[in-house]
Structure formats: C-alpha cells, structure tokens
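Chains as they are written, first to last, in the numbering used here: chain L, 1 to 706; chain R, 707 to 826.
Certain hints may be false.
To be verified - With a cut-off of at most 16 Å between alpha-carbon atoms, the simulated EDC-like pairs for lysine to aspartate or glutamate come out as follows:
#, chain 1, residue 1, chain 2, residue 2
1, L, Lys194, R, Asp813
2, L, Lys484, L, Glu459
3, L, Lys233, R, Glu794
4, L, Lys415, L, Asp327
5, L, Lys448, L, Glu459
6, L, Lys415, L, Asp503
To be verified - Incomplete in silico selection of chain R near chain L, CB under 10 Å:
#, residue
7, Met721
8, Asn760
9, Ser792
Stated by the list, open to error - Negatives, chain L to chain R, calculated, CB over 12 Å:
#, residue
10, Glu5
11, Ser19
12, Ile196
If you are wondering where the hints come from, they were derived from the structure by calculation, not from laboratory data. This one's a predicted model, so the numbers in the text were calculated from it and none came from an experiment. Cβ atoms here follow ideal geometry from the backbone N, Cα and C, with glycine treated the same way.
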Amino acid sequence: MTGDEIQQIFFQECDEGLSAAEAGLLLCQAGAQDEETINTIFRAVHSIKGGAGAFGFAALQSFTHHFETVLDRVRSDELALTPAVLATLLAAFDTLADHVTAIRGQDAAPDDAAILARLQSLARARDASPADTAAPIPPAPATMPDAGFDLDALLAGLNAAALPGRPPWRVIVRPEAAALAGGSEPLLLLRELKAIGGRIVDVDTGAVPDLDRFDADGAYLAWTFEVPGAAEKAAIAEIFDFIADDCAVSITAADEDMDGVCPSDADTADAVSGAAALPAPALDEVAAAAVETVPPAPPTGLVAERRGAERRAQDAQTIRVDLDKLDRLVNLVGELVITQSMLSQRLLMRGLGSIDELGDLDHLTRELQDSAMSIRAQPVRWVFSRVPRIVRELEASTGKRVRLEVEGEATELDKTVIERIGEPLTHLIRNAVDHGIEDPARRIAAGKPAEGRLRLSAEHRGGRILIIVSDDGAGIDRTRVLAKAVEKGIVAPDARLSDEEIDHLIFAPGFSTAQQVSNISGRGVGMDVVKQNVLALGGRISIQSVPGRGSTFTLALPLTLAILDGMIVSVADQTYIIPLTHIVESLRPAAGAVKSMGNGQHVLNVRGTYLPVLAVAEQLAIGASSPDPSSAVLIVVETEVHGQAVLMVDAINDQRQVVIKSLETHYRQIDGVAGATILGDGRVALILDVESLVAHRAAGADRIAA
Amino acid sequence: MTSILAVDDSPSMRMLLRSALVSQGFVVSEAEDGVAALAWLENNAPTLLITDINMPRLDGFGLIEAVRAQPRFRDMPILVLSTESSAEKKAIARRAGATGWIVKPFDTEKLAAAVRRVTH
C-alpha cells in the first residue's frame, strides 16, 4: 500500500463522509435531527479534517476546521440549529464538496471566503466563553492561511485578563535539554498557554551553550508566561499534566515572588510531573508534521460486527483495480461464454449433450460471468448523491420549494451506465423542478402543499434497472405540447394523437415547451438529448403524466452493456436475436387469428386486443415477401414507448445469453439493429432493436432499412 | 515484540498508522471503533493501545475507560491520537486513564519514539 493508494482511500472516505453529512443535514432540514444525527455530521467533517491534515491539503483542513467548530457548538448545544444556522451549514457542506473535488485535482479550490465568514460568525456567536473560543486549536495553525480567526479567539482570551480579581499566574516552562530528542514538542505547550490567555513575559537564554557545543536538537530555552488570573490554576496544571517529566514547570501567583528569577528544578514551587499520577509512563505531545511517503504494508485488519449493513458495506475492505484490467477480464469472460456455447452445441450435435460436465461447465461459466459483471457494478448512489445539491440550487434560483425523496441508492448498475446516466438524470431533475413543480402560490391555489415533492428512486425489475423521477407538479400541458408540436411541424395539424403520444412529443428533436427559455432547463439541451443518451445505453424512457397531479419519468436501463438474454430466431434463412426483455409471449396463431387490414398490414387478436403484426423480413427488407402469417411464429413484444406489437418470424431456434458486440465499432449503426453477436457455431447474428422496429412501424414507415 | 492495537474509524488513517508503525518494526492490529476494539481485546492483549477520540458507537474516551476498568489492562499504555489538542479534552482523556496524547497529523519518527518511550 503506497501513500498514493492510501490517499485514494482517503478520497473514498471523503465521498462517504460527504454523503453521510449530507444525509444528516437533510434529516435536520426535515426537522428530524437528534443527537446522533448531529454527531454523525460532526464525525464526517472531523474525519475529513483529520485526513486533510495527514495528506497535506491545507485549504481543505482549514475549511473543515471552521466547519467542525460550528458543528461542535451545535453538538454541545451552545448553538441552536435555527433555519439560518442550518442554511449556513448546508452552504458550508456544498463548499466542502467543492473542496473535496478540488483535492482530487478535478477542479480549482473553491472561493470559500464568504462562507468562512459566515461560519466564523457562528463560531463566535453569543455566549462563547473564553474557554470555548480557545478550543480546539487547529493542528498546524502556522500553515493555515486564515489564522486570523484563531487570533480573534486568542484576543478574546486575553481580554479576560483585564477582568478585576485574582492576580495573574506566573508560569515558567523549562524543557530538559534532551526534551526534543525524546519526541516532545514544547511549542505545543506554549501554544496552549497562549490559548488560555497566556503571554510570554520573559525568555531565559542563559542555558544556550557556545556554538561548538550547541546541539541542534537540544532544548535550551525557558519561558516565563503570565496567565490571566481568571484562569484556574488547575486548568493551567492540566496542560502540563499530560507531559512527561522532561519539562520543568512552575505555576505561582505573579505577586508571590521572584522577579525575573528562573528557578531550577530544585526550587520549583509547584512542579507538575505528568508521570506521577499515571498508570504508565507519561508522554508529551508529539509534533505535528506532515507524514511523508509510507512504505508498503499489507492491509489486514480487525473486522468487527457491522451496523447498518448497506451503509457500512462501503467500509468493507476494497482493492483498487485499473479499469482496463477489468474490461479485459469482462471481455475474456464474454469470449469464454461464446466458446462454451460453441462447445456445447458441437457436443450436442454428436449426441453428447447430456453429459454432466457440460452442465457444470455451463453453470460455472454463467457464475463467472455474473461475478465479472458484478465487479463492474456500482451503486447508483454515486449519481444520486449529486441530486440534493442540484435541487437546492434550483430552489434558490426558482423560488420554488421542493422536498426530495430518494430511494434505492444501493441499487447497482454497470459502471459505464453510472457514468453516462448522470447528465440525462440531471436534466430530468431540472426539468421536473423547472417545468413540473409549480411555485408555492400556485400550488396553494391548487390545494396542494406549498412544498413540491420530487421523488427519485432506483430499483431492480425484470433484468433491468428502473430509475424513476416523479414530481407532484402540474403534469404535462398536453394542449400546449400539441400546439407547439404542430407549430414546429413535428406533427400534422390534423393528427389525432393519444395522450401518451402527445406526452412523448417532448422527446422529439427540437421540441421545447418553455414559454421562454429559462436559465435552468434551457441550455440548448432538450429532452430529445435525454432520450438519445438513454437509448444509447440500451435503455428506454417513458412518461406517465396526469394533469394537475404530476409526471413520472421512468428510465429502464440494462444491468450490463455486455451481455443480454436473447431468443434466437430465423427469418428468411438469416439468424437474428430478439432481446428477451422485450418478449411477452410467443405463439403459433390459430387460423384466422391474424386479420388483414387490406393495405398489406395485419393485426393479431391477443385476448381481445388487436396488435399490429410486423413481418421482420419485410421490416429489414431481407425477404422478397412475407410468409403466410398463419404458418409463421408470432412473438408478442413489449416496448417502453409504443406499447405492444407482434413480430413475425419463421422459427424460434433457441434461447440463450449472448455477448453483445457493437456494430458501430465494426461497421456502422443500422436502424432496427442494436448490435451483433457470435453464435455457438461461429456465425454472426444481428440483435434486433425491437424498440426502433416498432417505433418505425408506429410512425408509418413501411421499411426502415433499404 | 511490541504489538499495537490501532483504533480509528477512518480506514485511511488506520492504514497510515499501520504503515508508519509497521515500518518501525511494530506489529499492528486494527479496530474501527471502540466497540470493535473491545471485542478484539477480549481475546488479545497488545503491548499498547492507540486510539482516536471521535468515533461512532463508542468513542475514544469511552474505550479508554472500559479498557482501564479491566484489571489485566491496568498497566497497558494507552495513547490518544487526535486532531484535537484542547486542555479540556486532554483532561478528560487523562481522567479516563490515557497515558499520552499525540496530535494528528503525526510524524512517523516521532510517533515511533513516543511508542518506544511508553513501552520501553
């Protein structure tokens, strides 16, 4: 484990800390905070601060220090968590997230001056006693760019000295000559004395030897401090309680004696020796220098019982692997799947298909494939974690009020999908707040709560991952959408469209319903781009919208981009794959079940519903004429956008997993074809893009590939 | 052989600590918080305990108290490793039974020197 790798782990911790802190802050915002919530937020920020110090991220360390100071005051009930305070904490959180991005080298360090000023004023607000303001001391104040804040704290402490009452204390500190060599850092003690209001009145340089006998690691000075009488003697003693006996200390009332006399150990009036009262040899503070590179060491550790399995699962031991290596593994497993299926097909042809080992091999290959895929999977949390901030910013810029509900963050998706789903999702969220949720006045007028509800969820369903964005806003204004579509020439003026079809018009290229392009959704990116992005991932997008009640956008995404379960069919001597996720049922029609519409179109009566029949050969223009529907095999497919339809093929050959090979990288994109695969017998088969086949049929196109 | 139990809720901090201590010839075990540390201590007796303060479930103060309450650990040195350095916190740690206090971030050499001093 190199220092660099540990740093990577620290980055991960930062992300985890950020999500924990954010979750806590959002709980507070929802009015559900308790002691443990505040503690969790505090610990998260505190941990980031610790790591920032260890890895030398001064700006982050400084910022977290001020953030933590305020959180500590909230935690110890010195500061009430008013909405104003919470707003500052949330803003500080956003800046903290920016700082974390910055240390990863992904962005410049944020300008945190304004938010720091707000934090500092909270840190000082109201009943801050000198003791409170003096603590805690940042670990390396000298390197902190804005030590001014702590200076204020010191000044506050010094002011206490002006109080009438007890005379000041005189404290003399004389480290032993070998104190530094023993790992002590007397400077920290001196800083602590200053923190309780002490100031240096004399430094005894008498013990400094001649240069030729001078030891650079030796300690030769003695300091005389004057500490305000308001400080308890015990508090002063406490500072030295915790050090070893290599430092002579005396604490006396200033008016008691000794003008400028530095006592030796022998006549120390009230020497405090840390060791005496302790069960084991005492130790003083060890200095705070940044850690240099660390030698490799195997990371083994004590794994104890874990609380909240999902959250803590992230803390489980991890290993970082180069993505290229993973992709290579996934590819190889893909090849293995193909080879395995070729092998089993050959054995089958020789009548050896029933041997046990073949079944075992099939089983093992599938398990290996699942494992390889799961390595690439990541929780959608990585994408969802950006959303609360987006919503907060939208609230600020639109004046709308939105309550965000997030569910299913632990749902896992392929890394590539995770990476590419961020932008479409962000756009959907912006769209929901910008166009969906009404402003508070309009909501109240409509009898809804002033605060809009935005729900973001992810779930595993039927071999796909559904990501659902729903709002309780105004719903899609179909009259306006249709008028706009007619105006833009997207549909004919006399077209009769179903509600669903009108809703889907917002995905049409060049469509934008906003009366005026707002600075939020209207960034030259329309919903059509969202749809394209989702389709490019092999996903589907659908809308359910109820006027006055809100809209729901559903993204159905593949679990992986590399493998699909497919039905192998033959059409006009060619072999094609139909993705199983689309297939509802397959059947041989009874005589008369397929009815001709007269214009070459056919429909099939499926339990009372007439579905359009698409001859695949005709759609792909590979057969001279379509076979007689009554002798063909019909496959009922379900699409996200256009509902059900029936594909007509010649025969069903098999059903199995196939490895998707991109057609675009080897040839070019073809409408109606989603990709290709290599079959067990070595032949290439095309994978049908059911969605686009049915879409073209619905749009009235006779053929899509010429 | 000096064996050390390092208790910190931050995995990266534990690794830094482990790397530093292992490089100095110490044997290191880890625990992620006070509860995990106590569980481990049920079956093990290290030479020395180094603990963070701010941890979930059971913090450093609570851990030190619970450890000191066990007669077999009465003489085991306990070092606190924390970003905090206030006299107030140190006083609490000391009352709980801590031997010494080291401020994070730490320097490997000095940490090792501190460990050697309390363990001889």
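We went through each hint and held it up to the structure:
1. L:Lys194 <-> R:Asp813: violated (24 Å)
2. L:Lys484 <-> L:Glu459: violated (34 Å)
3. L:Lys233 <-> R:Glu794: Judged against 16 Å, a Cα distance of about 13 Å means the pair holds.
4. L:Lys415 <-> L:Asp327: holds (11 Å)
5. L:Lys448 <-> L:Glu459: violated (28 Å)
6. L:Lys415 <-> L:Asp503: Not satisfied, since the Cα-Cα distance of roughly 31 Å exceeds 16 Å.
7. Met721: holds (5 Å)
8. Asn760: Holds: closest Cβ of chain L sits about 5 Å from Asn760 (chain R), inside 10 Å.
9. Ser792: Holds - the Cβ of Ser792 (chain R) comes within 10 Å of chain L, reaching about 3 Å at its closest.
10. Glu5: Label violated. Min Cβ-Cβ 8 Å, cutoff 12 Å.
11. Ser19: holds (15 Å)
12. Ile196: violated (7 Å)
Checked against the numbered hints above, the structure breaks hints 1, 2, 5, 6, 10 and 12 and satisfies the rest.
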